[in-house]
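Student: The chain contents come next:
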Amino acid sequence: MPKPLFPVWQKRLTLIAALGLALTGMGQMPIFSRYYIADLPGLSWLGNYQITAALHLALGAALVFLLTSYAASWLAAGRLRPTLTTAGKWRVTLYGAVALTGVVRVLQNGSWAMVGPMQVRYLDWLHLAVAMGLLAFAMAAGRKAAVAGRK
Amino acid sequence: MNRRAFLKSLGTAVAAAPVAAPLLARDAAAASGEQLATLFDLSKCVGCGACVAGCREAHAADYPNPQKPFPKMYPSRVKAEDFSDKREVDDRLTPYNWLFIQTATVTRNGKAISLNIPRRCMHCVHPPCAELCPWGSAVRHDDGAVVIDANICLGGSKCRDVCPWHIPQRQTGVGLYLDLMPAFAGNGVMYKCDRCHGRVAAGGKPACIEACPNDVQTIGPRKQIIAAAHDLARQTGGFIYGETENGGTNTLYVSPIPFEELHAALQTGPGNPGLQAAADVMGKEKNLATAVLLAPFAGIAAGILRVANRARKAAKEDDHA
Ligand code: HEM
Ligand code: SF4
Ligand code: SF4
Ligand code: SF4
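Chains as they are written, first to last, in this note's numbering: chain A, 197 to 347; chain B, 4 to 324.
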């Protein structure tokens, strides 16, 4: 029996990165200090923007690596290419959109600003909205298989 | 493909580094030729406050007019910040006072000398207030002016927390948060010097520059202003602040007295920034940002390697069959 194209350890890493990104992403907004979460023992770092921003970028790099490697394997697989289920298509779209808006936001802070200063708000709002969408999807259909014929 | 091959693909990312690096170049001069900077010749400032008055007049219409009482905010630790009854305060930064004069007194050869230092937002080249604003309300315009849009700012004050000088000042009871969930998120609007973005865009000069009787401040292209600051420092044996602080700003001060001494002589506090050596806040994230841009190269290489390895293995198994 051939090994699955996408091994379990890679899927686990993706889930860990996504959960970490959701946490540190929320940390980009001033809520953990307001709502006492950063007061809990061991969680004070959640109220430190320097730390959460750095972690969000590190996890973002990990997620982008994992997602692009899925995409490249999937495209290169030829006749072995698995078929995406409806849940799979949603997952690809949502992960793709959150990563894309995230990467564009990173570039915006470098010297390749793709959107004008007065449009950065739409980029931020989109990133936030897609992240919320991903969270909603994960809760509603997170256990559904992404590719047909396999678990 | 196994984990080892996966790691190998990281080598690809290193090979791709020359592609990604320029995209994150942080050299301010390279970033754009059009950024404007200002130069303060502190030896000329007499502390008359004409610039402060000029700023307040030019921006009177931009100041907040909060409705009272403020909506109650939860949890109770969230405190309102209210300067609407103290609009006349002009010895610190407030939502109604974006520029103030600091005075530092130091001893030189047994004599006390005082230096007046007009203080406002530094307009950083890589402003953490803007680059970390999660809502897109604080931005840096192409001319280098860093501006907070009072129409959408929610007043969470992250910009003040991450600014090395804690410049932006909050007024509760105004802004977009009132239309969302005022009890649970947001706390007003953050205000600071916008370097007269509107006036400058219309071809004018910042009001504080026009108001000054002593020509303390000049504005011009960043390169020229830096050169002028160095000339002035060389001619007068002076010192420069703002060129490298926080990784570079578009506000340069030239002083006859070292800034460490001035800083030590200041009483700093809320709305009263120091002149400390400020580390580059966004520069600390640069390596991580580079990693984000290299990740797709490594990922694509890893994905293709995996499929290639599977094909090779499958071919081998066929041979054995
Ligand atoms: C599961 C994936 C992710 C989630 C749930 C998530 C969530 C968030 C949230 C809630 C914010 C704060 C609100 C906002 O600025 O929109 C944020 C900010 C940010 N995210 Fe993500 N994010 C994810 C992935 C990524 C990735 C892959 C990158 C980059 C490679 C990225 C880069 C950023 C950046 C740079 C910010 C700061 C934007 C700013 O401060 O304006 N994010 N993220
Ligand atoms: S001085 Fe502070 S408020 Fe002004 S641009 Fe720099 S980080 Fe932003
Ligand atoms: S540049 Fe404009 S907003 Fe800033 S201190 Fe001067 S007058 Fe005030
Ligand atoms: S108007 Fe000029 S001299 Fe007077 S306080 Fe301002 S910068 Fe100094």
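Just so you know, the hints here were simulated from the structure itself, not pulled from any lab data.
Please note that the accuracy of each hint is not assured.
Restricting the straight-line Cα-Cα distance to at most 25 Å, the calculated cross-link-like pairs of lysine to any residue (SDA-like) are [unchecked claim]:
hint, chain 1, residue 1, chain 2, residue 2
1, B, 82, A, 230
2, B, 287, A, 216
3, B, 289, A, 232
4, B, 75, A, 243
5, B, 316, A, 204
6, B, 89, B, 115
7, B, 289, A, 243
8, B, 75, B, 235
9, B, 89, B, 208
10, B, 82, B, 146
11, B, 287, A, 204
12, A, 207, A, 250
13, B, 316, A, 254
14, B, 82, A, 241
15, B, 226, A, 230
16, B, 71, B, 224
17, A, 285, A, 273
18, B, 287, A, 313
19, B, 47, B, 179
20, B, 75, A, 307
21, A, 285, A, 232
22, B, 289, A, 272
23, B, 82, A, 232
24, A, 207, A, 297
25, A, 207, B, 314
26, B, 89, B, 72
27, B, 47, B, 89
28, A, 207, A, 339
29, B, 89, B, 110
30, B, 208, A, 313
31, B, 208, B, 314
32, B, 75, A, 254
33, B, 289, A, 212
34, B, 82, A, 272
35, B, 289, A, 324
36, A, 285, B, 287
37, B, 89, B, 273
Student: Please list, smallest to largest, the hint numbers that this structure does not respect.
Tutor: Numbers 3, 6, 8, 9, 10, 11, 13, 15, 16, 19, 20, 21, 22, 27, 29, 31, 32, 34 and 36 - these are the hints that the structure violates, sorted from lowest upward.
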